[in-house]
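K.L.:
Could you slot chain B onto chain A? The hints should help.
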Amino acid sequence: MMKLLRRLRGEMSCGEVLEVLQAHLDGEVDAETARKVAQHLDKCQLCDHEASVYTRIKSGLASKRRVLDPMILDQLDQFADRLVADGAPPAESD
Amino acid sequence: MVAVMDRPDTSSATEADSAAEVSVDAPSPSNGLDAQAKFEQYIRPEMDILYRTAWSLTRNDADAQDLVQDTLVRAFRSLDRFDGRYPRAWLMTIMRNANINRVRKKTPDLLNDPDLTFERSTDFADTDDPETLVVEPQLDAAIEDAFALLSSDFRQVVELVDLNGLAYQEAAEVLEVPVGTVMSRLHRARGRIRDHLSTVGLDSEVR
Chain A
1 MMKLLRRLRG EMSCGEVLEV LQAHLDGEVD AETARKVAQH LDKCQLCDHE ASVYTRIKSG
61 LASKRRVLDP MILDQLDQFA DRLVADGAPP AESD
Chain B
1001 MVAVMDRPDT SSATEADSAA EVSVDAPSPS NGLDAQAKFE QYIRPEMDIL YRTAWSLTRN
1061 DADAQDLVQD TLVRAFRSLD RFDGRYPRAW LMTIMRNANI NRVRKKTPDL LNDPDLTFER
1121 STDFADTDDP ETLVVEPQLD AAIEDAFALL SSDFRQVVEL VDLNGLAYQE AAEVLEVPVG
1181 TVMSRLHRAR GRIRDHLSTV GLDSEVR
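Protein sequence lines correspond, in order, to chains A and B. Take the first sequence: its letters are residues 1 to 94, numbered as in the numbering used here. Take the second sequence: its letters are residues 1001 to 1207, numbered as in the numbering used here.
If we strip away everything but chain A, and leave its shape as in the complex, we get:
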């Protein structure tokens, strides 16, 4: 009965939410799906906790992002400046 009501209201089940949860957290679902997932997470503690766990995993991984060497970035910028100013060198056969 609940299932039927949910379907009639266009709401997602826990299974459906868990299937797209990671893509949702990555910003890779369409706006309508994002809205439905957010609506479900507002009401469902279990799925909301899953979302928190995956968000924490993502932030834990992102915090290990490599710090880029500013000197190399500067050299790449200078290379780009020369490329833009002088044009690309002739292509080698590859």
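Fair warning: there could be bad hints in the mix.
What the hints assert, rightly or not - Derived, one-sided and incomplete: chain B residues facing chain A with beta-carbon distance under 7 Å:
| id | residue |
| --- | --- |
| 1 | Q1036 |
| 2 | Y1051 |
| 3 | V1068 |
| 4 | Q1069 |
| 5 | V1073 |
| 6 | D1140 |
| 7 | R1155 |
| 8 | L1163 |
| 9 | I1193 |
| 10 | D1203 |
Stated by the list, open to error - Residues of chain B clear of chain A, computed beta-carbon distances all greater than 12 Å:
| id | residue |
| --- | --- |
| 11 | S1152 |
| 12 | P1178 |
| 13 | R1190 |
For the record, the hints were derived by calculation from the structure and aren't laboratory data. All C-beta atoms, glycine included, are put in the ideal place defined by N, C-alpha and C.
P.N.:
The following block gives chain B in isolation, referenced to the frame of chain A:
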């Protein structure tokens, strides 16, 4: 349902290569304002991500720098044929091909590098909550341990998306696999990390 559908799936087609790469005989874009403006608009903002991705593919600074420079030159030559859509994905295709050329079919030693070993994070000093001070480093350590246990295919995709910040389609371009493969590997990889948190009893500590 997944938004990647509205992006062009060029990951498995060789036409992506031909669109991204200009032929040897093709004229390079003129040094006029148009090419410069396009370079500044589409390529310059991607320098950081190009370097991160190049590092993921080469595992060292010198080769990464060479690969970025090669990618920049190839992209500059192809600018007149680029339609302005999805510049990062376009650049990733170019970088993938440049890298294939660079290593001459040598399998890149992705992620099997001791440098990738995470540094234990200790920057939780911004909270006074004793529980947070204990749990957060434990969570990070557990995530690190679980990441280290992943197969190289899984770690590779996690690195490209979660550490380097690529979208699914962009990671697919770099790896030359369908976007569905990126999604499946990434989700299974994170699922394993999640399972590890559960096994060590830390998943319930996430707030």
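K.L.:
Take the hints in turn and mark each one as holding or not.
P.N.:
Checked hints:
no.: 1; hint: Q1036; verdict: holds (5 Å)
no.: 2; hint: Y1051; verdict: holds (6 Å)
no.: 3; hint: V1068; verdict: holds (6 Å)
no.: 4; hint: Q1069; verdict: holds (5 Å)
no.: 5; hint: V1073; verdict: holds (5 Å)
no.: 6; hint: D1140; verdict: holds (5 Å)
no.: 7; hint: R1155; verdict: violated (10 Å)
no.: 8; hint: L1163; verdict: holds (5 Å)
no.: 9; hint: I1193; verdict: holds (5 Å)
no.: 10; hint: D1203; verdict: holds (5 Å)
no.: 11; hint: S1152; verdict: holds (16 Å)
no.: 12; hint: P1178; verdict: holds (14 Å)
no.: 13; hint: R1190; verdict: violated (6 Å)
The structure fails hints 7 and 13 (numbered hints given earlier, in ascending order).
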